[in-house]
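There are 4 protein chains.
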Amino acid sequence: MHTAKPRFLFCQIFLWGNLDMILILKKNATKQQIDTLCHSLKSKGLSLHQSEGEQSHIIGLVGDTKSLDMDSLRANPAVEEVRRISEPYKKANRKFHPQDTIVNCSGVLVGGGNFAVMAGPCSVESPEQITLVAQEVKKAGASILRGGAFKPRTSPYSFQGLRDDGLELLRHARSLTGQPIVTEIMNTEHLPLFEDVDVIQVGARNMQNFELLKELGKLNKPILLKRGLSATLEEFVMSAEYIMAGGNENVILCERGIRTFETSMRNTLDISAVPMLKKMSHLPVIIDPSHAAGLSWMVEPLAMAAIAAGADGLMIEVHNDPANALSDGAQSLTPKQFSALMQRVCPLLTLMEKQLN
Amino acid sequence: MHTAKPRFLFCQIFLWGNLDMILILKKNATKQQIDTLCHSLKSKGLSLHQSEGEQSHIIGLVGDTKSLDMDSLRANPAVEEVRRISEPYKKANRKFHPQDTIVNCSGVLVGGGNFAVMAGPCSVESPEQITLVAQEVKKAGASILRGGAFKPRTSPYSFQGLRDDGLELLRHARSLTGQPIVTEIMNTEHLPLFEDVDVIQVGARNMQNFELLKELGKLNKPILLKRGLSATLEEFVMSAEYIMAGGNENVILCERGIRTFETSMRNTLDISAVPMLKKMSHLPVIIDPSHAAGLSWMVEPLAMAAIAAGADGLMIEVHNDPANALSDGAQSLTPKQFSALMQRVCPLLTLMEKQLN
Amino acid sequence: MHTAKPRFLFCQIFLWGNLDMILILKKNATKQQIDTLCHSLKSKGLSLHQSEGEQSHIIGLVGDTKSLDMDSLRANPAVEEVRRISEPYKKANRKFHPQDTIVNCSGVLVGGGNFAVMAGPCSVESPEQITLVAQEVKKAGASILRGGAFKPRTSPYSFQGLRDDGLELLRHARSLTGQPIVTEIMNTEHLPLFEDVDVIQVGARNMQNFELLKELGKLNKPILLKRGLSATLEEFVMSAEYIMAGGNENVILCERGIRTFETSMRNTLDISAVPMLKKMSHLPVIIDPSHAAGLSWMVEPLAMAAIAAGADGLMIEVHNDPANALSDGAQSLTPKQFSALMQRVCPLLTLMEKQLN
Amino acid sequence: MHTAKPRFLFCQIFLWGNLDMILILKKNATKQQIDTLCHSLKSKGLSLHQSEGEQSHIIGLVGDTKSLDMDSLRANPAVEEVRRISEPYKKANRKFHPQDTIVNCSGVLVGGGNFAVMAGPCSVESPEQITLVAQEVKKAGASILRGGAFKPRTSPYSFQGLRDDGLELLRHARSLTGQPIVTEIMNTEHLPLFEDVDVIQVGARNMQNFELLKELGKLNKPILLKRGLSATLEEFVMSAEYIMAGGNENVILCERGIRTFETSMRNTLDISAVPMLKKMSHLPVIIDPSHAAGLSWMVEPLAMAAIAAGADGLMIEVHNDPANALSDGAQSLTPKQFSALMQRVCPLLTLMEKQLN
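Chains as they are written, first to last, in our numbering: chain S, 1 to 357; chain B, 1 to 357; chain E, 1 to 357; chain Y, 1 to 357.
Just so you know, the hints here were simulated from the structure itself, not pulled from any lab data.
Misleading hints may appear alongside valid ones.
Because identical chains cannot be distinguished in the list, a pair is counted as satisfied if it fits within a single copy or across any two copies.
Below, a list of computed lysine-lysine pairs in the DSBU-like style, where the Cα atoms sit at most 35 angstroms apart [unchecked claim]:
id: 1; residue 1: LYS31; residue 2: LYS95
id: 2; residue 1: LYS44; residue 2: LYS27
id: 3; residue 1: LYS95; residue 2: LYS221
id: 4; residue 1: LYS354; residue 2: LYS26
id: 5; residue 1: LYS221; residue 2: LYS90
id: 6; residue 1: LYS336; residue 2: LYS214
id: 7; residue 1: LYS279; residue 2: LYS354
id: 8; residue 1: LYS279; residue 2: LYS27
id: 9; residue 1: LYS42; residue 2: LYS214
id: 10; residue 1: LYS90; residue 2: LYS218
id: 11; residue 1: LYS138; residue 2: LYS354
id: 12; residue 1: LYS336; residue 2: LYS138
id: 13; residue 1: LYS138; residue 2: LYS26
Note that this is a predicted model, so its numbers are computed, not measured.
Bound-form chain S, shown alone (with noise of 0.2 angstroms):
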């Protein structure tokens, strides 16, 4: 029996599991190019489901495509066009971890319902300074003492930190107070110093350090992830991941704000970073309303919006006279603020059903 001759090709496409990849090849790719593509897919381990039109030619792939190079793969002359539709991350990706991950800072938990407050000043600055913050953000509800002894500043002339003898007068607060410590590391030669610190901060600017982040997955001891100023949420997780691939899965994620067109403050909050961080992973979020900002005065409504969209803690600067301060006076509070700060605080927390840690 005659047949006309089909207006269109068909092919068949077989799906093991979730797509993780789709290319679109060009219209012109000649069968070589195309066979050379496939055998060196194939030979990374990957499924390939073709799905081939009459002007149009998909390949999906299937398997381990996290280390895929896409811009190479774009650069291959049958290529068209890539897009990934799985995530680029796994360890810190909900999808495999539905539970809240909770952190667990030499006794304060963070994550899953616990909330923390971590309070102090921008630097340390003196042992009288740094003693007298720390016991007053005790009092008012701030359960981990925060404070920078490495300090990343914009100038090479301004106060660069107190470096060793800060983390020394931070531990010798802590003594006095109890309160676990976190604070900012900038490079890895400085790892030996911070084997008594309890939570290890990495800093918007060094988000993607990735020699640090990958010496940091070496530890097992609380990391503190700063978001970059004009980092995507992907790529935040991104480095969250370099963290936990090393093996080390104990990530707090922290919001500081964003670089925006915004001129009258320093940054912009991103709030709904909080919910969409918490979709993307199970880590816990916390938000830093002093940074995010840089005005004192906005802490409290910025710290109030953090809490009611669901954020597992505060860091949040408090100096004892913020004029004086050798850093970041502008978005200090000082401690009878935050102790007021916390009285509003408390109730939000209560309605938000969170156990203040």
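With chain S held as given, fit chains B, E and Y onto it using these hints.
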């Protein structure tokens, strides 16, 4: 008595009231250039306060600098730099109007402790749809009905709204439920059609459609002005100033998400706009959490954050059948989801001491 | 014959021409949900190509997806994700119109190797000013006269342009020099005033004033469309598509600087827009280096870069007395500076094999 | 004699040289607060120039304000606003060093009319690859060989570079072709490995890795500093200042694309950075058109634009087999394409009066 030649030049400066602008002159500016500049400034009714040093010369301007063109001043051969000190807006400025403005939307108050929820579909689609949604959102606690008749769409091939017919359907829904209606205008030529609309909305893309703002300034009707996707807060307030300069001071500011690098959601809600706008201006500030993220599951956390940050109202998209909505389905709540949201919202309003109108 | 239960589901897919959109369904989508979705899509005239796997199910759509609302598709309970494959613009798309469009501006050609310089003051201010500048820029090599009559200003207190009178002065200048004129429209109501204008400009702030674009689509006159300050290139081309969809295909695209975080200049020239727009579309692309940086001393390097990147024209502000310009003085060249610029520009045009018209 | 109470306060101001910073005091600042502030400022060696009016009080600061913390000044109860007048960088500042710096890269000069092309693969992958590419790019006119040994990758699962072995391969290639080599450092701990490298590159993500910058400041070797993806030009120059403050003034600035909202290419080349950086600083400025767009077909127009805008060099990725590159294939030219590019580039360099080294 002989005195050594003084090392420094001295000069007197006289300050009449607040300084509004500072001009820093070029080191090599000639006397004639400076004289010409000063003459020109004085002829505009400004007071000049000169402070002249060995290597620098600064002129402070006091007076009505609002209409001065900073760019042309910068082009002056004698001028190195121009800095504005006072805000370029006046009628919207809280400094000159310390008390919160309360806007009366056909009986529903917004601002000054009064909180209003505006809800309804993105687009008015049919009599059944708008009537059903109007009744459902009223029952759940929304006091104002929103719905788009004229729709600004990125593509000319997308649904452009029912236009005149949509306005008619909104009025019909109002006759059934008694809720005032808010809907968007896109063009001055449509103004006659909006005579019987309670609140006229200016969309984000028209925030700087100055011809439209001028015409709205001639009305005596509340204007809900949405912030442009990349507008600074000062530009936003300046657009309100356009309306107010024409005589209409009934302006409600609405933050609806700004454009950022984030790709996991449509826009990024700028929660810090709430406290900052309230510091800059006395006008009420509401939040649209639906457009902000473009995702219905994010409406609740963002709405909660908005209230906690001090907003005066919410604008929320509700559709009886989001999957078949003619526009913006992904961000629309069902009436049932909206009702659940209102249950969450009410205790927080109480905590924040806001009156739900 | 017994066959082992197949480990994988098989299915056939049929591709009619290009795939336009891909829907990735949710793992837990029910058969009924999927049937309803498919029925709805087919009723819109689309062909569906399903590829169903053990854990994933993808639907490829072929046909006129331009009017599909991606957001509502995302709201469908069966849909996990929606990806567009084909461009949402058609008339402006180079794929369907491979040859460069040459726009005829009352005799001056732009595009396809033809290069035009449009020059003149930001604002038309007086008969003397516009006449003088028109003559000077003509002498130096500009073939089209620019000048603003209706001025979009951020502040209601700034000079708003001479409006009707400004248009009259432009026409008068044209009668003296013979140059076609280009000037900005801000509102559909002003259209009758623009009947005798050679090229109508749509400003950056009106790039998405869709009602205006629609009306311009009904004309048979060149439209110079400026890119919005934060618009993506696709949005820019979509705005051109709005005009072209109405029947007017004489659109010139103008990149004039985008908003970035940089504060040392007004905007940032996106030079890569030139090659990318030319890949996306067949329409001519010109550059406005005056608005881009807002600084007269940067006009030359940016104009040179524009030509080297392949632009089809320049739009440059020239003022006889920048320091006393009523707007944008800081970015205006004097006639003498403009003449010097043209001396620099010409050898580069020759090198780039462009014909200066 | 009785005189009427003067309507305005008078005061004298003394200006020692240039004004560096202006403090605008709060209307309600008390005398004691102001005295304390002034005392504190004077104790830092600053000269104060007060200009006091009826309602305003301004203090001009002259002296070394580089280390003043503006945020803490803003936190002072007497201070309303702080504005910096002078640039916060000094060694990199063209004002103090009007002539172009020429950096000597092991014999290849960059800056001051000397133009250098650096070319090579994104990653060093094998002896054959780097040797082949080195020879090809040298033949085509590249005077410096680039190649990555330590690779900063967004994903921990991507190829991380050959590290030490990659450096060894680069040195081997150099021994064959005689080209100086430039390669990226990611961590201070790797510094000993870079002793025999001619030019050390700091990647965009490490532009504010201040500990690394400080260590590089101790070397006597050219540093190629890439601009961060969202850094302002002032921040970029401040990072150069970090290196120069340590004593190493051999810094080459490299613009490589900034993050914008555009999705059709990876980043957006900021061509205006070339003239603006050259105004701010005396350091040479080069352009990396490969990373800017991430698309090989855009390298030529962007490279041409860079030269026309006044750049001092280009950094271009070349790979013998882009489709199989271990990183960044989509943006790599083949040796043949690179050779064609150099043919286009040379006449433009002649026109711009640059010497290709």
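Hints and how they fare:
1. LYS31 x LYS95: between (38 angstroms within a copy, 23 angstroms between copies)
2. LYS44 x LYS27: Both. Shortest intra-copy (25 angstroms) and inter-copy (26 angstroms) distances satisfy the 35 angstroms Cα cut-off.
3. LYS95 x LYS221: within (24 angstroms within a copy, 48 angstroms between copies)
4. LYS354 x LYS26: between (53 angstroms within a copy, 32 angstroms between copies)
5. LYS221 x LYS90: Classified as within: same-chain Cα gap 20 angstroms, cross-chain 41 angstroms, threshold 35 angstroms.
6. LYS336 x LYS214: Neither. Shortest intra-copy (40 angstroms) and inter-copy (38 angstroms) distances fail the 35 angstroms Cα cut-off.
7. LYS279 x LYS354: Both ways: LYS279 and LYS354 sit 18 angstroms apart in one copy and 30 angstroms across, limit 35 angstroms.
8. LYS279 x LYS27: between (38 angstroms within a copy, 17 angstroms between copies)
9. LYS42 x LYS214: within (29 angstroms within a copy, 46 angstroms between copies)
10. LYS90 x LYS218: So LYS90 and LYS218 pass the 35 angstroms test inside one copy only (18 angstroms; across, 41 angstroms).
11. LYS138 x LYS354: Answer is both; intra-copy 19 angstroms and inter-copy 31 angstroms each pass.
12. LYS336 x LYS138: within (12 angstroms within a copy, 44 angstroms between copies)
13. LYS138 x LYS26: between (63 angstroms within a copy, 33 angstroms between copies)
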